[in-house]
Amino acid sequence: MSNGKARVMEDAKGRRATYEEITVGQSLGEMDWAITDDLIDLQCQLDQDFDPLFFPSAGQPRIAPPQITYRPPRWLISRAYNVRGLFVGWEMESLGEIRVGMTLKVSGAIVDKYIRKEREYIVYEAVGRDEQGNVLFRTRRTHVLDFVERTAPRSGAGIDSGIKPEKI
Amino acid sequence: MAIMHKDIAVGYEFPTIAKKYRLEDFKRADEKTIHTDYEAAAREGLPAPVAIGPQIAALLFRQLRLCFGHGWIVGGKWNLTFRRPVFVTDFCVARGVVTKTETEGSNLRIHCDVWIENQDGKHVIAGTASGLVPLAS
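So the sequence lines, in the order shown, correspond to chains A and B.
Residues 1 to 168 (this note's numbering) are what the first sequence spells out, left to right.
Residues 1 to 137 (this note's numbering) are what the second sequence spells out, left to right.
Please note that the accuracy of each hint is not assured.
[Stated by the list, open to error] Think about it this way: if two alpha-carbon atoms lie no more than 27 Å apart in a straight line, the pair counts; the simulated DSSO-like pairs of lysine-lysine are:
| # | chain 1 | residue 1 | chain 2 | residue 2 |
| --- | --- | --- | --- | --- |
| 1 | B | Lys32 | A | Lys5 |
| 2 | A | Lys167 | B | Lys19 |
| 3 | A | Lys164 | B | Lys32 |
Derived by calculation from the structure, the hints in this document are not laboratory data.
Since the model is a prediction, treat every value here as computed from it, not as a measurement.
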């Protein structure tokens, strides 16, 4: 299905990171992530899941669906590298409730990279902790750098960027 | 009320959840992305805009939340592979089956195979997931 002609070299937000530039073991740093009612509303809207678990009665704590954790690790990658590509692997452990009013600290690192079937993959891990340092989630992600095989030259200009806005 | 309970049988098949997607489902403001714009997708070698993977996987998450309730929110685990692109107008159905159970403290961890099929019956997302149910229930 790939065009086989070229991989994107740059987009409106700059040059795309190459496989060689991505360093296994590199920290992706840490970010604070505030959990708000609006954030949970939007996640539930995207997922079309309006279970009362996420919309509790007045006075009950409001919790978020675990998959709300998808984006912060992706934002950490965007801060370090301009990688568009496709998301291909998602491991996740949900260890504690993520509730409105919390501010999580999310940190991550590049843990692996490999080439398979002429495509370049990176693997990164992230952990989210509450204000007391309790781990609420752990995740491991795999991302293919390009849909086009690595045998194609990196010369094209992309429209979409790998540097994502830090919002849902 | 969660569907899963401590006496659930290996081989139990989840109720399915399905959706027919539209390009509009993946729009965010006026951004031109590989999820919303044919030219942006073509520049990346894609034949058409592709769906946002986590939004498709959400069919499984709804299913697992329905099955496990709070035992999915705290204790839920998944390991999913996005095996082939889902295009923005595809039809997808989430399926799952219980494969194994094991005691984990005061809970039972129920392991499942989960997958999403497209309109051609191809597995576009596949993997495993598990959640907890109290043994005392």
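How the hints compare with the structure:
1. Lys32(B) to Lys5(A): holds, 22 Å
2. Lys167(A) to Lys19(B): Cα-Cα ~25 Å, so holds.
3. Lys164(A) to Lys32(B): Status holds; Cα separation ~12 Å.
Checked against the numbered hints above, the structure breaks none of them.
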